[in-house]
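Just so you know, the protein sequences line up as chains A and B, in that order. Going by our numbering, the first residue of the first sequence is number 1, and it counts up by one from there. Going by our numbering, the first residue of the second sequence is number 1, and it counts up by one from there.
If you are wondering where the hints come from, they were derived from the structure by calculation, not from laboratory data. As the structure is a computational prediction, the values presented were derived from the model and not from experiment. Do not rely on the hints blindly, as some may be mistaken.
Unchecked claim - From the derived model, a few chain A residues whose C-beta atoms are all more than 12 Å from chain B:
id, residue
1, 26
2, 62
3, 70
4, 83
5, 119
6, 149
7, 172
As the list claims (entries may be wrong) - The calculated label-pair distances, taken between Cβ atoms and stated as ranges, are:
id, chain 1, residue 1, chain 2, residue 2, range
8, A, 124, B, 180, 58 to 64 Å
9, B, 248, A, 71, 21 to 27 Å
10, B, 438, A, 59, 48 to 54 Å
11, A, 85, B, 296, 54 to 60 Å
Think of the CB as a built atom: it goes at the ideal place given N, C-alpha and C, for glycine as much as any other residue.
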Amino acid sequence: MSGRTKILLLVLPVILVVGFVYLRYLVKRVFFESAQPGEQEVRTRLSEAALETDATSPRLVTLYFPSPDEDKLIAETRSMSVAKSEVDRMRQILLALVEGPRQGEERALPPSTAVRAVFLTPDGTAYLDFSQDLQSTPHPGIRSETLAAYAIVDSLAANLPEVKRAKILVQGQEVDTLAGHADLTGYWVPNLPQ
Amino acid sequence: METISSWSGVRRRSAVLAAALGLLVLLWPRHSLTGDNFVFYMPGGHQIVPVNTVNGVRYLPALQVMGLAGNVSVLQQKRNSLKAVLGGTEVDFHVGDAKVRVGKVQIELAQPVRILQGQLLVPLDFLTQVMPMLTPQRVRCEPGSGRAFIGNINPVTFTLRTEPAPNGIRVVVRFSDKVNVQTASTNGRWIIYLGGQPVEPLEPAFTFQSRYLSNVQFDDRDGVPKLILTPASPNLNLFPKLAEDQKVLMAEVIQPPPIAIQQSPVAPGAPGKPPGQPPGGLAPQTPPSPPPPPLPAVVVDPGHGGADAGARSRDGILEKDLVAGLADRVRNAPPITRRYRVVLTRAGDANPSFDERETKTNSERPIAFVTLHAGDLGETSPAVRLYVYPFESPATLSAPEEKVLPLFVPWAAAQQPHLEQSRVLAQAIRAQLAQVAGLTVADVEDAPVRQLRSVAAPAVAIELGTLRPASDAGVLTQPDFQQKLAEAIAQGILQFGSGG
Chain A
1 MSGRTKILLL VLPVILVVGF VYLRYLVKRV FFESAQPGEQ EVRTRLSEAA
51 LETDATSPRL VTLYFPSPDE DKLIAETRSM SVAKSEVDRM RQILLALVEG
101 PRQGEERALP PSTAVRAVFL TPDGTAYLDF SQDLQSTPHP GIRSETLAAY
151 AIVDSLAANL PEVKRAKILV QGQEVDTLAG HADLTGYWVP NLPQ
Chain B
1 METISSWSGV RRRSAVLAAA LGLLVLLWPR HSLTGDNFVF YMPGGHQIVP
51 VNTVNGVRYL PALQVMGLAG NVSVLQQKRN SLKAVLGGTE VDFHVGDAKV
101 RVGKVQIELA QPVRILQGQL LVPLDFLTQV MPMLTPQRVR CEPGSGRAFI
151 GNINPVTFTL RTEPAPNGIR VVVRFSDKVN VQTASTNGRW IIYLGGQPVE
201 PLEPAFTFQS RYLSNVQFDD RDGVPKLILT PASPNLNLFP KLAEDQKVLM
251 AEVIQPPPIA IQQSPVAPGA PGKPPGQPPG GLAPQTPPSP PPPPLPAVVV
301 DPGHGGADAG ARSRDGILEK DLVAGLADRV RNAPPITRRY RVVLTRAGDA
351 NPSFDERETK TNSERPIAFV TLHAGDLGET SPAVRLYVYP FESPATLSAP
401 EEKVLPLFVP WAAAQQPHLE QSRVLAQAIR AQLAQVAGLT VADVEDAPVR
451 QLRSVAAPAV AIELGTLRPA SDAGVLTQPD FQQKLAEAIA QGILQFGSGG
């Protein structure tokens, strides 16, 4: 047996053992470990926890949801412990919109939507950053997307008079439309039902 | 010495090898490949399918042709065979074999099936032998003609004869129905366009002897039927006119009399024309007559496309397909084709970006723009809603203090100067749609539809409903209903264009 063959016979089992151990590790990671929460989910959980600690006594808030029968938004009033800061309150309202209606209206936003970030500038412009799920509505269309965008901006304006207009972003970026129709390149100004 | 002789032996062998290779290249069987078109006329319009001519035999792409008669699904695809289904009937192709199995019947085609550039090709007799077995629709085709008719299509037929005319020849074309003609002159030939409907000559070729006219051909390989007249000399004039309720075309090819040198002033109204020449003459080359002005454009935008399917119904109807079909019908609606050139923003299943669609639209400088959509309009169906972009109302693009400059309009506000006309257009279309029986038509509304934002023309979004996962598309997919909608939209655009 030559020297080279001896070295090969020694190295080969080592490689096989290392490969087998790594394969087991991969299998365990892929098939058996639960998915780690993504950055987005962690961020949402943290902000919800922060809102809870910052919350004051319950207050009545007005949310707008699309009517199932008519071509308009319907106001739904509910009691919520609202945060003191404006930005936190905006986030609470958006999370309540994502949670959905309680009085039989239609959903405005897909339930998987995450609120990534919220800002309010001194001139009353709200910058609302949602996750990609915002665009995954099962009801794309001009009417339904327009109602969804107004549900967001009207719900904010009804509870925070400081909000004069809103810019809707997805994953931190400007996008053309909500789901192929409603223009998100501009600012949405509240159109509160009279 | 030995080295030298072995070296010369190597050279000799190399020369023989090179000569043999050259001979092989020269004698290698050649596959001449040329391209052509085949036009398929169907009730909804026409489709142009490329014909591959290999060694003088014309072939059509089998799957593309079958797809014109219905939905084709490929069951099995191997290197040298393919099994596809159309209308519940299986078809088995084997490359290199002229026999095709259709259900349980075996059909022998004139030439073997072949594969070229990834396409399964069949000879033209596939249309007459196999296609009628795959679809209940009528399939009619004369393989030599380059056109086929699928479904209930009655083309306008015509006969052509020539007769002598003073100082020229008269071509008399008798049509089975009314036609509209437009004449153009290009590359020393006259082209007489015969309208948008399918036209079919009753004779395969026109033969005549004339010292004024070399050749007359009918051509519709691009889906546009036309007669092409080749004059025998460049200084002839063409005078076409329609007679007998637009069913007869008389085209006179006249040799103009020699130009008399006149010192006296030219008669007003006919500057530079020789005396005796009838007005409206079309000379093929000298001086070149200007082409007729293009018709004004109307742009129709079928929403979505490609991976973006838009809304979807319970029975699987996709918004992108529904609106593409409707856009095609609007394009071919008889009232609109006579007065406008209808341009679509997307071809087939492409999905151009919003900016690409708007750029194409604005470059056409259209008199009207219509974007077609389908979505969830609630319980009422069929229903339709019309929208214009609301610059002055809630969803504004820019801060109120920003103003549109008079000369340079921001791209994002290109629709703003046309908003008033957009409302007029929307009302005109709405009035026509309201006459479609059974259709619920809402008032024109404001909605920030992205497709309208940067269109520099009167622009309207039309949303058809209801298309949603909870219900079937129902009547929205019916051809009769779609045709009525398309004609109403076309009529609305016409009324808007004529100021009414």
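Handout entry: Numbered hints the structure breaks, given as an ascending list
Key = Of the numbered hints given earlier, those the structure breaks are 3, 6, 9, listed in rising order.
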